[in-house]
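Trainee: Here is what each chain is made of, one letter per residue.
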Amino acid sequence: MRRSLRFLGGYLSANLQAAMEYRAGFWSQLVSMMLNDGLWMAFWWLYFRRYPVVHGWVVNDIIVLWAVAAGGFGLAAGVFGKAPRLARVITTGSLDSYLTLPKNVLLHVLVSATDASAWGDLAFGLVAFCVLIHPALFDLFLFLGLVVLIAVIFTAFLVLLGSLAFWLGNSEGLAQQLMGALISFSTYPTPVFHGAVKLLLFTLIPAGFISYFPVELLRDFRWPLFGGLVVFAIGMAGLAWFVFYRGLRRYESGNRLGAQAL
Amino acid sequence: MTSGSAITHKARRGLGRLRNAGKYWAVFRMSVASSFAYLAEIAFRALVLVALMVIFVQLWQTTYSAQSGALLGDFTLRDIIWYLALVETLATSVPPLNRRIDGEVRSGDLAYLLGRPCGYVLYQYAQYLGERVVRLAMAALVASTLALLFVGPPPLSFWGLLAASLVFFLSISIDFGALFAIGLMAFWTEETESFALIYSRLVLVLGGVLVPLELFPEPLGSIARALPFAALLYGPARTVIKFDLGQFGALLLQQGLTLLVLGLLVAGVYHLAVRRVNINGG
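Respectively, the protein sequence lines represent chains A and B.
Numbering (the working numbering) for the first sequence: 1 to 262.
Numbering (the working numbering) for the second sequence: 263 to 544.
Looking at chain B on its own, in the form it has when it is part of the complex (with noise of 0.2 Å):
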């Protein structure tokens, strides 16, 4: 039999779990609103987003003109233009994390947040959905826009489709991870901006933006994606036009994993991080 005082002891906690993600429920909501203030800014980045869509058409295209046969591995140029417009998407549609993260670490804004009755870490992380969700809806809009004018439909299947929101969950997740730890860093270095600019390059070649994975020789290609890069935009956007239920098992494994390594290391940093920081009162 179970008390009454231990019924009314597990209600109370359910409750302030409850209320605990419902602030960061608001925050996210928040962030979601304010990028929509700054609408006509993400439309702006969307120029670029096109002129990167016309250069891979127009270079796929000459690729596949040169050779004799309609695949490059598996992929014809409906899938590739299609996969393309996935990874760029994900890859166009980051904030700049790190450098608000520094901002508030160099001004000394970390110890106003830090006395908030939240979570430091999880309130950046709804923050930066919000913002992500709102950009990645943009770019998803013009970039599926343009394939489909220069292409025709994508080739989705129901699974692709379903495993979709998953895996760009994970994969903006590890991004927030990444990018969070880099912004940490200026409590040790002098400027973080480079740290990203590397990360953002590495994502760039071994995650597979410019090129799928497969199509790089081998060793290389199997080395890239057993990387933690792949995780990010390879594997989500094949899972996303060429659905298999094994290599989805994978990139489920290889996410969760990247996710666990990166979520231990962010709070390794965050930890030796929080105890940099003086307040002083005045």
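Next comes chain A alone, as it looks inside the complex (with noise of 0.2 Å):
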């Protein structure tokens, strides 16, 4: 596990410092998908200031959604930058030169890249929870809880399209577009939805866990809440971990030739 966590830091160091090469270009993008966020907070603010109560809404439980949804999305793009991109590591053969190193294969693909913008989604979350929620300490913690929570969710989703290309050859656009859905669902007040779509969020595309339970949770904090979401987390980390290395199995080598630095 420390090895993992070791060798998850120096990717992670390494990754930035390549991605500060174009300095410009990574600040950039951070502040501009932080001006992103915050243009979607602008909606909601007009949104709310309309209709102050929706289901029992009120725009700090929307704000509270963006932060925690931003920063778990941004945090898993972040560390885990290849997990959009890995159904085309699998169509293209990439995969070759990672098979052959004795790091274990899903972490070693999935580290293996940063994605600048997703850190604006970090800072954002961050910022938005800090200044427009004002949090007590514990409020503060559990935020924090909720983020790597919702990342490995993210991630486990991503990880779980992205194993469709050992099965469906190129999967990517459906992987990108099933994505988009996950995130377009998670982004938007839960009471909203009723019927099959609500049926549909708890359930094909967990949005209603990246929306529902952290807003419950930080209105009302309760253990059972709280364990069924880390629960829930762990099961999908399972699951995803599961189906892609069952896909490995059916995985054929692209005779590629390459370097893999670190």
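Just so you know, these hints were derived from the structure itself, not from any lab.
Don't take each hint at face value.
[To be verified] Covered, in the sense of this in silico footprint (three residues per stretch, anywhere, with C-beta under 8 Å from a C-beta of chain A), are these stretches of chain B: (1) 316-328; (2) 444-453; (3) 456-468; (4) 487-501.
Source: prediction; values computed, not measured.
Where is the CB? At the ideal position from N, CA and C, for every residue including glycine.
Now that you have both chains on their own, put them together as the hints suggest.
Mentor: Structure follows, in structure tokens:
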């Protein structure tokens, strides 16, 4: 475990150094993503100015939702930057260069890149929560824990979608669209949805766990609810792990030659 | 009296222009054909549009049920869902033009295109139009089918339908100008994706993708309506759903002015950019 964390830290540091080689590009992506999230918040501020309560949700709930969702996605795509591109790695045969190395294949693939704009999401989440919510110390720690759990759910979902490439071939487009759907559904108030859509959000597209649980927990902390989210996140991670390695058995080498630094 | 040689000269010029237009028409047709080759990818993209439409329908159903009257501004639930279907059709059909131009600048492919017997800007415009038309048709099909299922037939008028093609064409032309200029920024900046992201989000909020601009609080609503972003999505969609001759005229003026300013900007940026191109033989 400790060796894996050291490996993760080493890669993260190297990825950040590589990204910072294009310093202006890195900062412009980071700032533009913060602005992007800020514009969404502006929309919700306008909406809640007109309708102050929507099925029990007030403007602070949407700020919490955006802070946790943006923070979680930012952490996932910042640390595991290859996760959104896993389908392409599989279909182009680029897994070859990871298979011969002594590290865990899935972990190695996931950490081998970072997304500069994701750090903007993470920064936005932290700033929005601290500046607009003024949390107590317990809430701040709870928020950080929730960001980690949501990051696990996002990463696991990306791995599941990417692993489809083992069976479907080029499934990059499908994976991108389903991830887009997850992000879209995760950033709207849960009480808005009803009927079959609500069922979908707590099953196939787990947006309900990203939007409903954190808001409820930061409103009124309950251990069973928190435990439920932890179990779900671990379950998703386990399922993603299982599906990836089951798919890996079907992987055919692309005879790809390449050097893998680090 | 006009001399015979003058007539021949005029006829030749006319023929030359026709031939020029023919070249770009061929590029447009090629782009349409190649977009059809990736129809599955375009269909996948429609998945997000389905998600967005479901979200908007449920959000606005909840909003309407939470208030006392059947109108928000002068929009009924049916109006607003059709309005959102139209703006989403426009907003989700934008091809990654800025990324293509950025790539051509960085890879040097731009130099090859500059040597071709056609204008680079018009070549890109024709290619963009071809791609956009196919994406627009697919998005319109998906969004209108869903809107029809959720709230019934659209509140269309004859004049609204007639105006649609013109205001939509001007809207996608404005988009071209903005994205092309952003792509050319690759001559000066390390990456252009962040500019494109901010542009798309400004269009999203100030262009009325999430909510019609008259539902914004004042004076923000008036400011947003006066900005060029309104000419991209809000104006065209509102013209189709709630046609009003006065507003239509104002929209045409706004779109024309935006296009003129963008055209000058693109010409200026392109002129500066081309001077930075170095072509080495070998």
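Trainee: What hints, given by number in increasing order, does this structure fail?
Mentor: 4
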